[in-house]
Amino acid sequence: MALTQAKLDATEARLAAMDAPAQGAGWLAQARGGAVARLREMGLPGRRDEYWKFTRPDSLIAPEAPRAAVFEIDEAPMFDEFDRLKLVFVDGVFDPDSSDDPSLAGVEIERLSDVADTDIHWARDLYGVLEARGQSPVARPLAALNTGYAKDGFLIRVTGRAERPISLIYRHETDSSDAILHHVVRLEEGAELTLLENGPAAARFNKVLEVDIADGARFNHIRAQGRDHERRAATHIFARLGAESVFKSFTMSVNGVMTRNECVIELTGDDAVAHVAGAAMGDGDFHHDDTVFVTHDAERCESRQVFKKVLRNGAVGVFQGKILVKDGAQKTDGYQISQSLLLDDDSQFLAKPELEIYADDVACSHGSTTGAIDADTLYYLRSRGVPEAEATDLLVLSFLAQAVEEIEDEALREAITARLDAWLARRRG
Amino acid sequence: MAALDKGEDVKEGVDQETVDAVREVGGAYKYGWETDIEMDYAPLGLNPDIVRLISEKNEEPEWMTEWRLSAYERWLQKEEPTWAMVDYPKIDFQNQYYYARPKSMEVKPKSLDEVDPKLLETYEKLGIPLKEQMILAGVEGAEDTAPAEARGAGEGRQGERRVAVDAVFDSVSVGTTFQAELKKAGVIFCSISEAIREHPELVKKYLGSVVPVSDNFYATLNSAVFSDGSFVYVPPGVRCPMELSTYFRINAENTGQFERTLIIADKGAYVSYLEGCTAPKRDETQLHAAVVEIIAEEDAEVKYSTVQNWFPGDEEGKGGIYNFVTKRADCRGDRSKVMWTQVETGSAVTWKYPSCILRGDDSQGEFYSIAITNNWQQADTGTKMVHLGKNTKSRIVSKGISAGQAQNTYRGLVSMHPKAKNGRNYTQCDSLLIGDKCGAHTVPYIEVKNNSARVEHEATTSKVDDDQMFYCRQRGMDEEEAVALVVNGFCREVLQALPMEFAMEAQQLVAISLEGSVG
Numbered sequence: 001m002a003l004t005q006a007k008l009d010a011t012e013a014r015l016a017a018m019d020a021p022a023q024g025a026g027w028l029a030q031a032r033g034g035a036v037a038r039l040r041e042m043g044l045p046g047r048r049d050e051y052w053k054f055t056r057p058d059s060l061i062a063p064e065a066p067r068a069a070v071f072e073i074d075e076a077p078m079f080d081e082f083d084r085l086k087l088v089f090v091d092g093v094f095d096p097d098s099s100d101d102p103s104l105a106g107v108e109i110e111r112l113s114d115v116a117d118t119d120i121h122w123a124r125d126l127y128g129v130l131e132a133r134g135q136s137p138v139a140r141p142l143a144a145l146n147t148g149y150a151k152d153g154f155l156i157r158v159t160g161r162a163e164r165p166i167s168l169i170y171r172h173e174t175d176s177s178d179a180i181l182h183h184v185v186r187l188e189e190g191a192e193l194t195l196l197e198n199g200p201a202a203a204r205f206n207k208v209l210e211v212d213i214a215d216g217a218r219f220n221h222i223r224a225q226g227r228d229h230e231r232r233a234a235t236h237i238f239a240r241l242g243a244e245s246v247f248k249s250f251t252m253s254v255n256g257v258m259t260r261n262e263c264v265i266e267l268t269g270d271d272a273v274a275h276v277a278g279a280a281m282g283d284g285d286f287h288h289d290d291t292v293f294v295t296h297d298a299e300r301c302e303s304r305q306v307f308k309k310v311l312r313n314g315a316v317g318v319f320q321g322k323i324l325v326k327d328g329a330q331k332t333d334g335y336q337i338s339q340s341l342l343l344d345d346d347s348q349f350l351a352k353p354e355l356e357i358y359a360d361d362v363a364c365s366h367g368s369t370t371g372a373i374d375a376d377t378l379y380y381l382r383s384r385g386v387p388e389a390e391a392t393d394l395l396v397l398s399f400l401a402q403a404v405e406e407i408e409d410e411a412l413r414e415a416i417t418a419r420l421d422a423w424l425a426r427r428r429g
Numbered sequence: 001m002a003a004l005d006k007g008e009d010v011k012e013g014v015d016q017e018t019v020d021a022v023r024e025v026g027g028a029y030k031y032g033w034e035t036d037i038e039m040d041y042a043p044l045g046l047n048p049d050i051v052r053l054i055s056e057k058n059e060e061p062e063w064m065t066e067w068r069l070s071a072y073e074r075w076l077q078k079e080e081p082t083w084a085m086v087d088y089p090k091i092d093f094q095n096q097y098y099y100a101r102p103k104s105m106e107v108k109p110k111s112l113d114e115v116d117p118k119l120l121e122t123y124e125k126l127g128i129p130l131k132e133q134m135i136l137a138g139v140e141g142a143e144d145t146a147p148a149e150a151r152g153a154g155e156g157r158q159g160e161r162r163v164a165v166d167a168v169f170d171s172v173s174v175g176t177t178f179q180a181e182l183k184k185a186g187v188i189f190c191s192i193s194e195a196i197r198e199h200p201e202l203v204k205k206y207l208g209s210v211v212p213v214s215d216n217f218y219a220t221l222n223s224a225v226f227s228d229g230s231f232v233y234v235p236p237g238v239r240c241p242m243e244l245s246t247y248f249r250i251n252a253e254n255t256g257q258f259e260r261t262l263i264i265a266d267k268g269a270y271v272s273y274l275e276g277c278t279a280p281k282r283d284e285t286q287l288h289a290a291v292v293e294i295i296a297e298e299d300a301e302v303k304y305s306t307v308q309n310w311f312p313g314d315e316e317g318k319g320g321i322y323n324f325v326t327k328r329a330d331c332r333g334d335r336s337k338v339m340w341t342q343v344e345t346g347s348a349v350t351w352k353y354p355s356c357i358l359r360g361d362d363s364q365g366e367f368y369s370i371a372i373t374n375n376w377q378q379a380d381t382g383t384k385m386v387h388l389g390k391n392t393k394s395r396i397v398s399k400g401i402s403a404g405q406a407q408n409t410y411r412g413l414v415s416m417h418p419k420a421k422n423g424r425n426y427t428q429c430d431s432l433l434i435g436d437k438c439g440a441h442t443v444p445y446i447e448v449k450n451n452s453a454r455v456e457h458e459a460t461t462s463k464v465d466d467d468q469m470f471y472c473r474q475r476g477m478d479e480e481e482a483v484a485l486v487v488n489g490f491c492r493e494v495l496q497a498l499p500m501e502f503a504m505e506a507q508q509l510v511a512i513s514l515e516g517s518v519g
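These protein sequences, in sequence, are chains C and G. Numbering of the first sequence is given in the working numbering, commencing with residue 1 and proceeding in unit increments. Numbering of the second sequence is given in the working numbering, commencing with residue 1 and proceeding in unit increments.
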């Protein structure tokens, strides 16, 4: 379908405001060119797009990033207590001085900008390739924009069992920064990696993470989108899973004026497992959108989506989740739950939990609930001497626990819970 | 069902009874014959003159003609919707007839006695009794006059079964039974064309007030060219003394049917309305684009039941009806209630979302649906529950069953507006796939804008009423059996509310269990 004039204009305006990355003859230049062509064909998202029904894309596509005040952090950095390999970005640019030496046994780590001019690189088969696969049946123009214009990011190839997690830290230091990062992770057969991500990144952050998981490999991903209130983010994960591989991703989001996290998972090998979960707490002008698309294209795969949101003071939570079971993906086990707790009358939860199933021997289910804190439970706690504010927080935490429990590693699970708890306690004063 | 007959594997755990029932329902189409009768057609295609012609044939006043013409103008501006998960060749709106009337209806018969016997035969063959005498005899206990199969199905209910029928044949209403008796109770039940002539004040007040003229492509088209349909007005405090029904029959070739139904239940009124439809077997597809509007004032209650059995196309997917229907109820008054029940077995393509606008405080909307698609059928159906008033409640139970190469989609919206304090919704949609070439899809939209509202959307079989489940499990049933029992029990209740004419069909549907179902 031809693009509307408004869409064409918005797309060209955005592209005109970009400074194009250095063009070259290398594989990366080709991938970028392809992505920009894709983007021009689909146009940037508009308010009338069905896939953006619940989230206004305006601030994410504007030529200039809306300003965001740098947030003063008054607590220990996230994941500080963990032994990890730190890679730090400041406003979307890698900062080697604050980072660890990027060497880890069983893992090759290269900076995107360092390999741009090489003719051959393993990432050639993945960079923008998984993103392009994820453009159908629904267009994800912000991801194509990212592939076309990302200047920085890491290419991580895991051949064994990484002994330490790789931790990507995104610092935000300029109130007008507009960051685009693109990472590619390839896990070879039987490899294992835990990837941690945290930090506000920039006033506006566009990030793509492409993950290719070979047979029998395991990928764990824990992300904390922090307390940085005014930042905006549009992130995409594109994951492709081989046979008997495992993909687990958890995201905690507290605040952030605009967040759109898309997760596109393709189960291409039999017996693969993909779990994706999120716990979000929003206050005030908080708009948080989880958009998940899981495609089952192999037999006996399992997918789980668990998303919980606690909203107050006009916060808006969005969940768009889809399980697509292709013809022949028999014995699929697909599960999806999206729940929200509205703590007051001004908050909203908008959901579209979708199933599209073309195989008959499957067990797919989804559930979605929205409501206030259960008055009886609150009364029970209060009658046992727990003050109302504390009782409410206790119930909020237990509500979010179902999503947090999706994190396999106990220490990480506790770290996330502690953050949620601290956020509530601070708010309580 | 061709696919199953070829020995295709059926998933383990699916009841043979279910398979048989689906085969039976989706199998030989029983109503595929046609009536050989001389017809008057409007010229082929659509333009303002055709709109005027339809208006003229219906002897409509000027304001109605204008209403139609303005709808036609708007329709020209509108685009055909493409968001539904249905796929069909582009419809050529200029290559069909918009009005077809049996020649014998040129002079409107004064009573059913004057109606062309061929038409009466048609309805008799369909099992729709148009002779009051016969029905009354049945009521008075002379059961031998009722057909044997109907007696079996409606056992023990004969005494209470009386159904007034408005029979629509292509573009015209052939006749309406029990009008006199209904009139005594104050109920107006007639064809919409008659209502436009006889009760213009009611029609003017309500027509288009629930489904606005420019609501959507097909509703706008309908507003321009609707030829007939039914009109019901139940005055304040009146409980309609019998069930009302309309039976739609498409007979003419290459002709679209555009019926319009308007049901008004005034304060404290109650009416149960039933709708049935069939069409002959043909290789060419035919368009059916209806609009149904229901208005429920304070304390009023309307039950609307449909057994949709348009010709679904043959086993190769040839022919069938394109059923693009807009049905909406406005629960305008406090404590009003509307219940939609639909059994969707026919049509090649269905695009239908019977909805409730819950405007009045404490108003209630319910939607119960069983949609069965087989062979190459495609159904995209569901409901919208828009909660505007306080303490409004809605309940959605949807069962989709696909077989052959069919695609079955539930699409729904539950919207809790900021002022819908203490709004409640419970939604359950389950799908069952029989065979591995078909598809089942669920596309619910949930929008909650106040925190006293409670919305639950379930597509898991584990969330049938806990107490009932506990009761069954306690007596040794496993979970699946218990769910099937509970849900079947529910279906039975819904299906029994349907008129006797549909009873045999309904009985077959009851056997469908939910075993092996997916969300």
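Please keep in mind that the hints were generated in silico from the structure rather than gathered at the bench. This structure is a prediction, so every number in the text was calculated from the model and none was measured. Idealized CB from N, CA, C, for every residue including glycine. Hints may be right or wrong, so weigh each one.
Stated by the list, open to error - In silico EDC-like links for lysine to aspartate or glutamate, alpha-carbon gap of 16 Å or less:
#: 1; chain 1: C; residue 1: Lys-326; chain 2: C; residue 2: Asp-345
#: 2; chain 1: C; residue 1: Lys-326; chain 2: G; residue 2: Asp-436
#: 3; chain 1: C; residue 1: Lys-248; chain 2: C; residue 2: Asp-285
#: 4; chain 1: C; residue 1: Lys-326; chain 2: C; residue 2: Asp-361
#: 5; chain 1: C; residue 1: Lys-86; chain 2: C; residue 2: Glu-108
#: 6; chain 1: G; residue 1: Lys-437; chain 2: C; residue 2: Asp-100
#: 7; chain 1: G; residue 1: Lys-393; chain 2: G; residue 2: Asp-362
#: 8; chain 1: G; residue 1: Lys-419; chain 2: C; residue 2: Glu-41
#: 9; chain 1: C; residue 1: Lys-248; chain 2: C; residue 2: Glu-410
#: 10; chain 1: G; residue 1: Lys-30; chain 2: G; residue 2: Asp-334
#: 11; chain 1: C; residue 1: Lys-331; chain 2: G; residue 2: Glu-253
#: 12; chain 1: G; residue 1: Lys-390; chain 2: C; residue 2: Glu-356
#: 13; chain 1: G; residue 1: Lys-30; chain 2: G; residue 2: Asp-362
#: 14; chain 1: G; residue 1: Lys-318; chain 2: G; residue 2: Asp-283
#: 15; chain 1: C; residue 1: Lys-331; chain 2: C; residue 2: Asp-271
#: 16; chain 1: G; residue 1: Lys-437; chain 2: C; residue 2: Glu-302
#: 17; chain 1: G; residue 1: Lys-281; chain 2: G; residue 2: Glu-253
#: 18; chain 1: G; residue 1: Lys-419; chain 2: C; residue 2: Asp-346
#: 19; chain 1: G; residue 1: Lys-267; chain 2: G; residue 2: Asp-334
#: 20; chain 1: G; residue 1: Lys-303; chain 2: G; residue 2: Glu-201
#: 21; chain 1: C; residue 1: Lys-248; chain 2: C; residue 2: Asp-215
#: 22; chain 1: G; residue 1: Lys-437; chain 2: C; residue 2: Glu-356
#: 23; chain 1: G; residue 1: Lys-419; chain 2: C; residue 2: Asp-344
#: 24; chain 1: G; residue 1: Lys-421; chain 2: C; residue 2: Asp-346
#: 25; chain 1: G; residue 1: Lys-421; chain 2: C; residue 2: Asp-271
#: 26; chain 1: G; residue 1: Lys-103; chain 2: G; residue 2: Glu-62
#: 27; chain 1: C; residue 1: Lys-151; chain 2: C; residue 2: Glu-108
#: 28; chain 1: G; residue 1: Lys-267; chain 2: G; residue 2: Asp-361
#: 29; chain 1: G; residue 1: Lys-421; chain 2: C; residue 2: Asp-344
#: 30; chain 1: G; residue 1: Lys-393; chain 2: G; residue 2: Asp-436
#: 31; chain 1: C; residue 1: Lys-326; chain 2: C; residue 2: Glu-302
#: 32; chain 1: G; residue 1: Lys-437; chain 2: C; residue 2: Asp-361
To be verified - Distance windows between CB atoms, simulated:
#: 33; chain 1: G; residue 1: Lys-318; chain 2: C; residue 2: Ser-136; range: 52 to 58 Å
#: 34; chain 1: C; residue 1: Leu-3; chain 2: G; residue 2: Phe-93; range: 25 to 31 Å
#: 35; chain 1: C; residue 1: Ser-383; chain 2: G; residue 2: Lys-419; range: 48 to 54 Å
#: 36; chain 1: C; residue 1: Ser-176; chain 2: G; residue 2: Phe-93; range: 50 to 56 Å
#: 37; chain 1: C; residue 1: Ala-17; chain 2: G; residue 2: Glu-80; range: 55 to 61 Å
#: 38; chain 1: G; residue 1: Glu-80; chain 2: C; residue 2: Ala-20; range: 54 to 60 Å
#: 39; chain 1: C; residue 1: Pro-387; chain 2: G; residue 2: Lys-419; range: 30 to 36 Å
#: 40; chain 1: G; residue 1: Lys-419; chain 2: C; residue 2: Glu-390; range: 53 to 59 Å
Structure-based check of each hint:
For the hint pairing Lys-326 (chain C) with Asp-345 (chain C), the CA-to-CA distance comes to about 40 Å; that exceeds 16 Å, so the pair is violated. Proximity of Lys-326 (chain C) to Asp-436 (chain G) is assessed by CA-CA distance (about 10 Å); at most 16 Å being required, the pair is judged to hold. With a CA separation close to 29 Å, the supplied pair Lys-248 (chain C) and Asp-285 (chain C) exceeds the 16 Å bound. Taken as a hint, the Lys-326 (chain C) and Asp-361 (chain C) pair is honoured in the structure, with Cα atoms around 11 Å apart against an allowance of 16 Å.
This hinted pair checks out: Lys-86 (chain C) and Glu-108 (chain C) have alpha carbons roughly 14 Å apart, not beyond 16 Å. Using a Cα cut-off of 16 Å, the hinted pair Lys-437 (chain G) and Asp-100 (chain C) is violated, with the two alpha carbons roughly 54 Å apart. Our distance criterion of 16 Å between C-alpha atoms is met by Lys-393 (chain G) and Asp-362 (chain G), whose separation comes to about 7 Å. For the proposed pair Lys-419 (chain G) and Glu-41 (chain C), the alpha carbon gap of about 42 Å is over 16 Å, so the pair is violated.
Annotation: proposed proximity of Lys-248 (chain C) to Glu-410 (chain C) holds, straight-line Cα distance about 14 Å (limit 16 Å). Annotation: proposed proximity of Lys-30 (chain G) to Asp-334 (chain G) is violated, straight-line Cα distance about 43 Å (limit 16 Å). For the hint pairing Lys-331 (chain C) with Glu-253 (chain G), the CA-to-CA distance comes to about 45 Å; that exceeds 16 Å, so the pair is violated. Taken as a hint, the Lys-390 (chain G) and Glu-356 (chain C) pair is broken in the structure, with Cα atoms around 34 Å apart against an allowance of 16 Å.
Note on Lys-30 (chain G) and Asp-362 (chain G): the hinted pairing is violated, with a Cα-Cα distance of about 43 Å set against a maximum of 16 Å. Simply put, Lys-318 (chain G) and Asp-283 (chain G) have alpha-carbon atoms about 5 Å apart, close enough for the 16 Å limit, and the pair holds. Between Lys-331 (chain C) and Asp-271 (chain C), the direct Cα distance comes to roughly 10 Å. Compliance with the 16 Å bound is thereby established for this hinted pair. Taken as a hint, the Lys-437 (chain G) and Glu-302 (chain C) pair is broken in the structure, with Cα atoms around 21 Å apart against an allowance of 16 Å.
Proximity of Lys-281 (chain G) to Glu-253 (chain G) is assessed by CA-CA distance (about 10 Å); at most 16 Å being required, the pair is judged to hold. Proposed proximity of Lys-419 (chain G) and Asp-346 (chain C) is supported: the alpha carbons are some 11 Å apart, at most 16 Å. Proximity of Lys-267 (chain G) to Asp-334 (chain G) is assessed by CA-CA distance (about 9 Å); at most 16 Å being required, the pair is judged to hold. Restraint check for Lys-303 (chain G) and Glu-201 (chain G): the C-alpha separation of about 24 Å exceeds 16 Å, so the hint is violated.
Under the criterion of a C-alpha separation no larger than 16 Å, the hint pairing Lys-248 (chain C) with Asp-215 (chain C) is consistent with the structure, at around 15 Å. Proximity of Lys-437 (chain G) to Glu-356 (chain C) is assessed by CA-CA distance (about 13 Å); at most 16 Å being required, the pair is judged to hold. Distance check on the hinted pair: Lys-419 (chain G) and Asp-344 (chain C) sit about 13 Å apart at the alpha-carbon level, within 16 Å; holds. At roughly 12 Å between alpha-carbon atoms, Lys-421 (chain G) and Asp-346 (chain C) fall within 16 Å of each other, so this suggested pair holds.
The suggested pairing of Lys-421 (chain G) with Asp-271 (chain C) is violated, with an alpha-carbon distance near 46 Å, which exceeds 16 Å. Distance restraint check for Lys-103 (chain G) and Glu-62 (chain G): the Cα-Cα separation of roughly 25 Å exceeds the 16 Å cut-off, and the hinted pair is therefore not satisfied. Under the criterion of a C-alpha separation no larger than 16 Å, the hint pairing Lys-151 (chain C) with Glu-108 (chain C) is inconsistent with the structure, at around 19 Å. Distance restraint check for Lys-267 (chain G) and Asp-361 (chain G): the Cα-Cα separation of roughly 14 Å lies within the 16 Å cut-off, and the hinted pair is therefore satisfied.
Our distance criterion of 16 Å between C-alpha atoms is met by Lys-421 (chain G) and Asp-344 (chain C), whose separation comes to about 12 Å. The suggested pairing of Lys-393 (chain G) with Asp-436 (chain G) is violated, with an alpha-carbon distance near 37 Å, which exceeds 16 Å. The hinted pair formed by Lys-326 (chain C) and Glu-302 (chain C) meets the criterion: a straight-line CA distance of about 14 Å does not exceed 16 Å. Of the pairs offered as hints, the one joining Lys-437 (chain G) and Asp-361 (chain C) holds, with about 11 Å between alpha carbons and a cut-off of 16 Å not exceeded.
Checked against the hint of 52 to 58 Å, the C-beta distance between Lys-318 (chain G) and Ser-136 (chain C) comes to roughly 30 Å, which is inconsistent with it. A beta carbon spacing of about 27 Å between Leu-3 (chain C) and Phe-93 (chain G) agrees with the range 25 to 31 Å that was offered as a hint. Hint check: Ser-383 (chain C) to Lys-419 (chain G), Cβ distance near 32 Å, so the stated range 48 to 54 Å is violated. Between Ser-176 (chain C) and Phe-93 (chain G) the Cβ separation comes to about 53 Å, which falls inside the hinted range of 50 to 56 Å.
Judged by the Cβ atoms, the range 55 to 61 Å given for Ala-17 (chain C) and Glu-80 (chain G) is violated: they are separated by roughly 37 Å. A C-beta distance of roughly 40 Å is found between Glu-80 (chain G) and Ala-20 (chain C), which places it outside the suggested range of 54 to 60 Å. Here the CB-CB span from Pro-387 (chain C) to Lys-419 (chain G) is close to 31 Å, well matched to the stated 30 to 36 Å. The supplied range of 53 to 59 Å is broken by Lys-419 (chain G) and Glu-390 (chain C), whose beta-carbon atoms lie about 31 Å from each other.
Violation of the numbered hints given earlier is confined to hints 1, 3, 6, 8, 10, 11, 12, 13, 16, 20, 25, 26, 27, 30, 33, 35, 37, 38, 40; the remaining hints are satisfied by the structure.
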